[in-house]
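Trainee: Take these sequences, add in the hints, and give me the full structure.
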Amino acid sequence: MRRIISVLLENEPGALSRVVGLFSQRNYNIETLTVAPTEDETLSRLTVTTSGSDKVIEQITKQLNKLIEVVKLVDLTEGSHIERELMLVKLKATGSQRAEIKRTVDIFRGQIVDVTSTIYTVQLAGNSDKLDAFIQAVGPAGVLEVVRSGVSGIARGEKVLSL
Amino acid sequence: MELLSGADMLIRSLQDEGIEYIYGYPGGAALHIYDALFRQDKVKHILVRHEQAAVHMADGYARASGKPGTVLVTSGPGATNTITGIATAFMDSIPMVVLCGQVASTLIGEDAFQETDMIGVSRPVVKHNISVRHPEEIPEVIRRAYYIASTGRPGPVVVDIPKDMTTPNERYEYVFPKKVKLRSYNPAIRGHAGQIKKAVDMLMAAKRPIIYAGGGVVLGKASKELTELAHKLGFPVTNTLMGIGGFPATDKQSLGWLGMHGTYESNMAMHHSDLILAVGARFDDRVTNATEKFCPGARIVHIDIDPASISKTIDADVPIVGPVDAVLKEMLGLVAESKERPDAEALKSWWKQIDEWRAFHGMRYETSDTHIKPQEVIEAIWRITNGDAYVTSDVGQHQMFAAQYYKFDKPNRWINSGGLGTMGFGLPAAMGVKLSYPDSEVVCVTGEGSIQMNIQELSTCSQYNLPVKIVNLNNQALGMVKQWQDMNYESRHSQSYMGSLPDFVKLAEAYGHVGIRIDRKEELEPKLREAFAMKDKLVFLDIYVDPFEHVYPMQVARGSMKDMWLSKTERV
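So the protein sequences, as listed, match chains A and B.
Letter 27 of the first sequence, counting from 1, is numbered 27 in this note's numbering, and no numbers are missing.
Letter 385 of the second sequence, counting from 1, is numbered 385 in this note's numbering, and no numbers are missing.
There's no promise every hint is true.
Restricting the straight-line Cα-Cα distance to at most 20 Å, the calculated cross-link-like pairs of lysine-lysine (PhoX-like) are [as the list claims (entries may be wrong)]:
#1 Lys312/B x Lys62/A
#2 Lys207/B x Lys178/B
#3 Lys66/A x Lys181/B
#4 Lys224/B x Lys410/B
#5 Lys373/B x Lys339/B
#6 Lys329/B x Lys339/B
#7 Lys66/A x Lys312/B
#8 Lys252/B x Lys55/A
#9 Lys568/B x Lys373/B
#10 Lys232/B x Lys42/B
#11 Lys72/A x Lys181/B
#12 Lys67/B x Lys42/B
#13 Lys293/B x Lys55/A
#14 Lys90/A x Lys130/A
#15 Lys62/A x Lys72/A
#16 Lys198/B x Lys329/B
#17 Lys348/B x Lys207/B
#18 Lys67/B x Lys207/B
Please keep in mind that the hints were generated in silico from the structure rather than gathered at the bench.
Mentor: Below, the structure is given as structure tokens:
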């Protein structure tokens, strides 16, 4: 099952490589990974999406917790949560396609952020399924380049992951 | 205010940490540190002949004393040569700090001479590693390194020190921190009271209980509490290979150790038990055999300081995260308060069954009129040393024979590379023990394959006068490999034969030691006694043993715990 694990990590050199190393050492799978400092500069917030049986996920969280630089972590998929991924996609847009693509972007609540006579560059945020659906909707043939940020997530309601 | 250079701060921090010996090898990037070492006499340095041996020495010391060992090496090859030693310590959770020189921080990343990314190289085999970024940090980094290495589940910590962090003419204020506080590292200091209560209730209700005690009992200094609990409850105890000595082997409640080459009675009792109390053990593959067939009727209480060890391979019914000594103490308190006692009738019939298993096999082996049997050698050493020696071993058949036939009644006496299985571990480990326990008998049980992986350390033994006894069970082959080839590859002995062996007697003599060859059965005991009488000499005993001997019992691959070979022809 797909899981989103959110980690507060000491913002120190080498800390990220320890997290990534752990996944490859122990044969766990990383689907997406995002990381950036938080409002407290001494901490980074890292979101990793992975998949595995409950037993594997339990080991992943335990092994992550053993890393000295990991301060706290939570499996967001255990409760209700919001997940978002940002995508920038460059699309071939000529002739009648231009209007059609514009309409599709609107339906998906994206924005066209750069335009040339033959190209639209579209920005789209949402959960990963929505981004996949957009690519399907515009037709993969017109897609020239895709950049996805990987998943970021946060718990709904009162729950906070902080010190 | 005291101003010191980074190198002097490093050595001062080691002094303030209470470090007596460090084991190492100098080189370019570590020269400022070696100079600081030269200008003081509190911290003593032992110069090895290969960096791997320095780590095993520190490791042997740590296993015998329970205190962290310390290694000092230079950058590049000095650092990478420590990796096998670090991995050995990591797998067996041995506290250790490895100080590595590094090229100057201005050169890092430029493929400078003797540059290696030691933080990256060591990362998968350390508990933690730290790179020094400013000379002023050194006391804090050293304090933190020892704190992390020796608390919680212990392990090796590498400290990478770029050369410009130790420059002699740059001085900073020296302050050794009294306390370490890490917001992201808080090992458990006691177990969950509710879980402990639940576990004790299960112990009281068990009909066929067994205590399965691992290396955590030795590392966690809990052998007194474990022994007391086992005696109070009257339960049988089996140790893991790493847990040997955690419960006295000559105690009538001891079943010996379990797993691949464990005793028949241990493996049978585990398989048929209805309750397993696992203490500081990690259900590794050399214990459980096929996990899906593991102990079908048993409920499991698992105590461990490391939550990741619980339910990793075998699910625990009652997990208890905490230091084993504290948890066992709490259990003892509850047992003392409780009016309940384990079912005496059930225990009696359980012991009757166990005694039948004991009588059935009893670690018997065939003797021979012509060949010396390796098992006989170990039994003789046990007698001659009154069962009170520190015994280190290398890896292979001799390791199994030593663990099976030397009966350890005390913890910290059996010193072997259990997790990683590192050949070449035995001699340097013995040296580390002998240095700190000069009045104790220290024996290295080895084989002609393993000993040659670190034999250069015979030279270090001469330099520092380390009169260990080396017992080379010479079967002229890589015995364990050969045994597997006999059993699984129709005796095709691919590369398991050591075609050209040195004359070990002459070799020992060349290093200034005593060499004794034993190849006749009747000479065994008298020559062993002669060797052990030479208290101040390193004696290399080259003992020619039966080259066809196998280690038994041996679990049948992919079977359950009770599926074993008991001899070359007998399978149960």
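Trainee: Which hints, by number, does the structure contradict?
Mentor: 2, 5, 8, 10, 18
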